[in-house]
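Participant: Listed here are the chains, written in short residue letters.
Number of protein chains: 2
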Amino acid sequence: MDFTNYMSDRVKPMQGSSIRAMFKFLEQADIISLAGGSPAPESFPGRELAEIASELLAEKSHICLQYGVTEGYTPLREIVKGRMAKVDSHKEYDETIITSGAQQAIDLALKALINKGDGIIVEQPSFIGTLNSIRSYEAKLFGVPMQDDGMDLEATEEILKTENIKIIYTIATFQNPTGITMSNEKRKKLLELAKKYDVLIFEDNPYGELRFAGEPTVTIKSLDTEGRVLYFGSFSKILSAGLRLGWVTAHKDIMDKIVVLKQVNDVHTPVLNQMMAAEYMTRYSIDEHIAKIRKLYGRKCGLMLEAMDKYFPDYCKYTRPEGGLFLLYTMPEGYDAKELLNKAIANKVAFVAGNTLMLDMDKPCSSFRLNYSLVAEDKIETAIKLLAEVL
Amino acid sequence: MDFTNYMSDRVKPMQGSSIRAMFKFLEQADIISLAGGSPAPESFPGRELAEIASELLAEKSHICLQYGVTEGYTPLREIVKGRMAKVDSHKEYDETIITSGAQQAIDLALKALINKGDGIIVEQPSFIGTLNSIRSYEAKLFGVPMQDDGMDLEATEEILKTENIKIIYTIATFQNPTGITMSNEKRKKLLELAKKYDVLIFEDNPYGELRFAGEPTVTIKSLDTEGRVLYFGSFSKILSAGLRLGWVTAHKDIMDKIVVLKQVNDVHTPVLNQMMAAEYMTRYSIDEHIAKIRKLYGRKCGLMLEAMDKYFPDYCKYTRPEGGLFLLYTMPEGYDAKELLNKAIANKVAFVAGNTLMLDMDKPCSSFRLNYSLVAEDKIETAIKLLAEVL
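Chain order of the listed sequences is A and B. Okay, so the first sequence: first residue is 1 according to this note's numbering, each after it adds one. Okay, so the second sequence: first residue is 1 according to this note's numbering, each after it adds one.
Do not rely on the hints blindly, as some may be mistaken.
[Claimed, not checked] PhoX-like cross-link-like pairs, simulated, lysine-lysine; straight-line CA separation at most 25 angstroms:
id	chain 1	residue 1	chain 2	residue 2
1	B	K60	A	K60
2	A	K195	B	K60
3	A	K252	B	K60
4	B	K295	A	K60
5	A	K292	A	K81
Calculated directly from the structure, the hints in this document are not laboratory data.
Hey, can you work out the whole structure from these sequences and the hints?
Facilitator: In structure tokens:
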């Protein structure tokens, strides 16, 4: 049977993430991967969570193995709301729900807001998971270049002036894949632009708590007084990626629709996973835990930059992030990171070629993304040396 | 700010499940609920899962707390594929992936296949989660009445003749909410109709393993030789609802698109939860576990029917299910179950009024659904007595 004609229009042009495809390949090969976006396994509190899960399952199986409420396990929601007070005053019109990772929150918020053909402005390059989710709702994507202090707001306004835009999507802090952080001035200006042209902002902030250098910035959500900003948070990089826990804080009128869509999407996020996170944060200080992760990633990033300064050719430039998981390396115009990747893999090291993170994936791109969170500390220098050999 | 104009067309008319809304209300009140669709908490293997989770988290946190593969944890997929051999020969063109409950599988399969305005035939009444998911993709719903041996196939063919139908959705075994099972003859005929009019079948089978009386039926999937049937399975009623584990078996051409959509929806189903299920089924016999659940539900259903035979008025009729979680009670024409529900709640007992499970929720409906899996055995007679008082 040929199923081509059965497919919905929205999925016909869609392709999976080439990063995740590479993932599977790299798992099997003897290659040092700087490609993924996985947190350091040594940052997972396995022992503590083992004790907690064991107690919950033995004593509260009638709760943790039973259906739960779509909006999330109440004690976890309360803890998250409390933490949101640091980045938002949690205005009375806002609501917070627990989702199956921030990815689900972004996907459902897009489903609630986007009609085919609506415009969305994104940083370029950006996170492929969001780009593909946007594509699945047949929105029109507009990319703006990244500058040292965040997305180019002049280019943003040019698009806002002429196109039918509904949402601006930004990873303002330690952006994926560049590692760049938007300045406080630009955050204010971005919100003003959103007001002027009456569009919403999606502030995706999975890395915000992972600052290991420099001065903290304010969240865009904290500047928002109308509910124009939807804020997406994640436990993936501060507790565990595999538990699939995230949250979204948004105006309750929008949240009502997101909750209906979550109900038909996965009914609710697994109760056990939510209870484990809530219990962990009750028994232990998540802030102390995050402080350790920050230190670890600061050290790993430092080792990588040190090796790059030592082994890499002069004619290239790279970002020097103050937090997060990634840095972006840019070769001179005309070089193609995709071509380099084949050579790198042959030399037993891998990264993400920039073209896959751009709106036009087929166009050659001279940048590539390096991840320093997953690789073991004692392998960083070797990995950079292997990469320097093919550069 | 007024967000009405920001909303996508698809969510504007959508409302949440009134069953789930009632859930929250019932949790707080001193009411015996026959309303939900929750499995019996005494059926959860809490002690066994406590031991397994504890070991996994202590020894394999680098796997169970880390990102995983979108298609699912390989050992669990292999076990599920092995079990699918009982209900399908697992044809070489088929693929099976693990999803965050069967609900997610249905939602993503609809997203992969449905364009606005495409027609879907459903049993009437049917499962509200699927009805709302279908609504969220702006498909056109067509209902066919239920008969004692399953959906009315003459009515089905009338619709197939005149309308642009893409999918027939059926819960063929122990249907939600009627408890009715489609005969083997009708299953064959339904597949023939699907071939004749070139449409797909969604076979949703969360209750199929819970037969406590009568003769087993074949799955529609097992009769399929082309990949025309998508089969949806669930761990919610045989292991745990709160872990959110399900699966879908479908032709790989359709599965390719479902996997891309799952990637942008929740990246993957939580790894810990998948490992727990796989490990449970490796250490213990899930079939022995299911046999116990079958016995429990057979007993609970028997107690409920016995009490109904004793206390309920003669002029009503109700289904006598051979498995699953539900039975349907029908009053004479003209009675409204919604009105009765208010009186029942005042008398401390609750059920689901049939109108919420119909395509036109506003039309009065003389049927209501009773659930016997959740209520404690020693409360069944009391609940039916309380209900008889208001009938």
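Participant: Quick check: which numbered hints come out false for this structure?
Facilitator: Numbers 2 and 3, in rising order.
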